[in-house]
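As you go down the protein sequences, you meet chains A and B in turn. Note that numbering that gives the first Met the number 0 gives residue 163 to position 164 of the first sequence, counting from 1, and the numbers run on in steps of one. Note that numbering that gives the first Met the number 0 gives residue 237 to position 238 of the second sequence, counting from 1, and the numbers run on in steps of one.
What the hints contain is simulated information worked out from the structure, not anything from laboratory work. Glycine included, C-beta positions come from ideal geometry on N, C-alpha and C. Worth double-checking, as some hints may not be accurate.
Ranges of calculated distance between the beta carbons of each label pair, as one might list FRET restraints [what the hints assert, rightly or not]:
# : chain 1 : residue 1 : chain 2 : residue 2 : range
1 : A       : P85       : B       : L258      : 38 to 44 Å
2 : A       : D80       : B       : E14       : 55 to 61 Å
3 : A       : G9        : B       : D149      : 46 to 52 Å
4 : B       : D257      : A       : G31       : 39 to 45 Å
5 : A       : G81       : B       : H267      : 28 to 34 Å
6 : A       : G150      : B       : G142      : 53 to 59 Å
7 : B       : P84       : A       : R125      : 24 to 30 Å
8 : B       : V187      : A       : A78       : 49 to 55 Å
9 : A       : G68       : B       : G139      : 27 to 33 Å
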Amino acid sequence: MTRINLTVDGMKVSDDVEPRMLLVQYLREKLGKTGTVVGCDTSNCGACTVHLDGESVKSCNVLAVQADGHDVTTIEGLAKDGRLHPVQEAFRECHGLQCGFCTPGMIMQSIDLLNHNPQPSEQEIRVGLEGNLCRCTGYHNIVRAVQYASGQLVAAAGEAGGVAEEVTPA
Amino acid sequence: MIPAPFDYVAPSSVEEALAALQQHGDDAKILAGGQSLLPVLRMRLNAPELIIDLGRIDSLRGVRDDGDAIVIGAMTPHSVVGADPLVAEHALLVAKAVAHLADAQVRHRGTFGGALAHADPAGDLGGPARALDAQFVIAGPAGTRTVPADDFFVDLFETAISEDEILTEVRIPKHTGWGAHHEKMVRVAHQWPICAVAATARVEGGTIADIAIGLANMGSTPLRARGVEEALRGQPATEDAVRAACGRAAEGANPPSDLNGSAEYRNHVVTVMCRRAVLGAVQGAGA
Ligand SMILES: Cc1cc2nc3c(=O)[nH]c(=O)nc-3n(C[C@H](O)[C@H](O)[C@H](O)COP(=O)(O)OP(=O)(O)OC[C@H]3O[C@@H](n4cnc5c(N)ncnc54)[C@H](O)[C@@H]3O)c2cc1C
Ligand code: FES
Ligand code: FES
Numbered sequence: 000m001t002r003i004n005l006t007v008d009g010m011k012v013s014d015d016v017e018p019r020m021l022l023v024q025y026l027r028e029k030l031g032k033t034g035t036v037v038g039c040d041t042s043n044c045g046a047c048t049v050h051l052d053g054e055s056v057k058s059c060n061v062l063a064v065q066a067d068g069h070d071v072t073t074i075e076g077l078a079k080d081g082r083l084h085p086v087q088e089a090f091r092e093c094h095g096l097q098c099g100f101c102t103p104g105m106i107m108q109s110i111d112l113l114n115h116n117p118q119p120s121e122q123e124i125r126v127g128l129e130g131n132l133c134r135c136t137g138y139h140n141i142v143r144a145v146q147y148a149s150g151q152l153v154a155a156a157g158e159a160g161g162v163a164e165e166v167t168p169a
Numbered sequence: 000m001i002p003a004p005f006d007y008v009a010p011s012s013v014e015e016a017l018a019a020l021q022q023h024g025d026d027a028k029i030l031a032g033g034q035s036l037l038p039v040l041r042m043r044l045n046a047p048e049l050i051i052d053l054g055r056i057d058s059l060r061g062v063r064d065d066g067d068a069i070v071i072g073a074m075t076p077h078s079v080v081g082a083d084p085l086v087a088e089h090a091l092l093v094a095k096a097v098a099h100l101a102d103a104q105v106r107h108r109g110t111f112g113g114a115l116a117h118a119d120p121a122g123d124l125g126g127p128a129r130a131l132d133a134q135f136v137i138a139g140p141a142g143t144r145t146v147p148a149d150d151f152f153v154d155l156f157e158t159a160i161s162e163d164e165i166l167t168e169v170r171i172p173k174h175t176g177w178g179a180h181h182e183k184m185v186r187v188a189h190q191w192p193i194c195a196v197a198a199t200a201r202v203e204g205g206t207i208a209d210i211a212i213g214l215a216n217m218g219s220t221p222l223r224a225r226g227v228e229e230a231l232r233g234q235p236a237t238e239d240a241v242r243a244a245c246g247r248a249a250e251g252a253n254p255p256s257d258l259n260g261s262a263e264y265r266n267h268v269v270t271v272m273c274r275r276a277v278l279g280a281v282q283g284a285g286a
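With the sequences and hints as input, model every part of the structure.
Printed below as a string of structure tokens:
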């Protein structure tokens, strides 16, 4: 067992873990943060994406011991005072999900993308999300959600999952 | 799946890491970013008794200027290498290849040294390392030695690093003002290339003054397309000259045949990709 101390979603935690424990296992099984999900065995799907010191990582491909002394943010740490994070809000507004399994990872990676590139083009969004697989949506509404979150789209008011219109630059 | 149990140490210096390696021999395995090793452990393709995590050794991280070379610490993450201004100025080919490597999450964890030490013949960094004549600085019980890129890659997943040694940094001779292009063919997102060509060139007055080309997945190690380089040095940077020379791209190659394509297919497609890579590089160099 190895002692680890880290911050998860703003909370200091300390535990004895087996060195082989994956970060995603630690989050789900020790901390009960089941918002972060596991979608594959090969580190391809990105469903398990969390932020480690503010940068996106696949938590199935990081050992919990490697996170010792670091800061982890999961999908559960995004909403503040009952208000969704703007990217969560954008996925809801643009209907950026169907079954929702890929969504926690998609949102975490979208935030990372926007942190590095606040006004990505459609192509940059598709490339920026290349490590996240979605079985349902065909990606179109996910791309729209990121465009919406970046202020490059306004959703048609009132229409659930309604057609979003592009903002024409002045 | 979850790895088999192992013991874990995270030394804070190269000396401590070397001592741990010395003590445990081939029962121990170095952990860098874990982006190749952890999948291997999770699939139980390997079950070392001890993992030596280099992640706490700060001296192995970062990019620095060292006169006629830049030096990339083995533990520098791909995302840092890809955004580094020294790399962009003096080893543009590396920046171009890193941008194509895996996905954003993997680039945040995976390291420059880890990818090269892993020596996957389909890895994106081997070609650029060979093209740029990188020098690999390897620390061991007897001290430090430097191995040129031409001798570093030995075979599939095998390098000049022995079991009691650690790759500490990679020196890349400055290629300031050289144009660069990385041409990578993939069938699905964020994956290793079916074939990749990394080209970098210096152009003077419309003539290719110097050129270097590395190939990935065209043999058991990354290769140099020396025939093409030879044919192009001193030639006008025109499409016709490049097209003719790139017919030699597969010289000396021994590519695999797999579900993505036969060896014959790769031997052909590499000539096309080589043309695109060279044209991209010479255009970037101002031709
Ligand atoms: C989904 C996914 C997609 C990927 N796509 C690509 C791609 O398109 N192109 C590509 O090139 N790569 C790709 N990779 C692999 C990626 O480049 C890895 O970052 C890299 O291969 C390994 O780097 P690492 O730092 O994670 O090393 P680790 O996985 O930690 O180590 C790899 C191996 O090298 C050894 N090692 C590491 N560092 C040292 C050192 N300093 N001294 C001695 N030995 C050392 C380890 O013992 C281990 O055997 C992908 C990985 C994943 C998970
Ligand atoms: S569960 Fe981590 S990438 Fe699929
Ligand atoms: S919404 Fe079902 S996997 Fe993306």
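Going down the list of hints, with the structure as the test:
{"no.": "1", "hint": "A:P85 <-> B:L258: 38 to 44 Å", "verdict": "42 Å, holds"}
{"no.": "2", "hint": "A:D80 <-> B:E14: 55 to 61 Å", "verdict": "49 Å, violated"}
{"no.": "3", "hint": "A:G9 <-> B:D149: 46 to 52 Å", "verdict": "51 Å, holds"}
{"no.": "4", "hint": "B:D257 <-> A:G31: 39 to 45 Å", "verdict": "43 Å, holds"}
{"no.": "5", "hint": "A:G81 <-> B:H267: 28 to 34 Å", "verdict": "60 Å, violated"}
{"no.": "6", "hint": "A:G150 <-> B:G142: 53 to 59 Å", "verdict": "56 Å, holds"}
{"no.": "7", "hint": "B:P84 <-> A:R125: 24 to 30 Å", "verdict": "27 Å, holds"}
{"no.": "8", "hint": "B:V187 <-> A:A78: 49 to 55 Å", "verdict": "33 Å, violated"}
{"no.": "9", "hint": "A:G68 <-> B:G139: 27 to 33 Å", "verdict": "29 Å, holds"}
Of the numbered hints listed earlier, those contradicted by the structure are 2, 5, 8.
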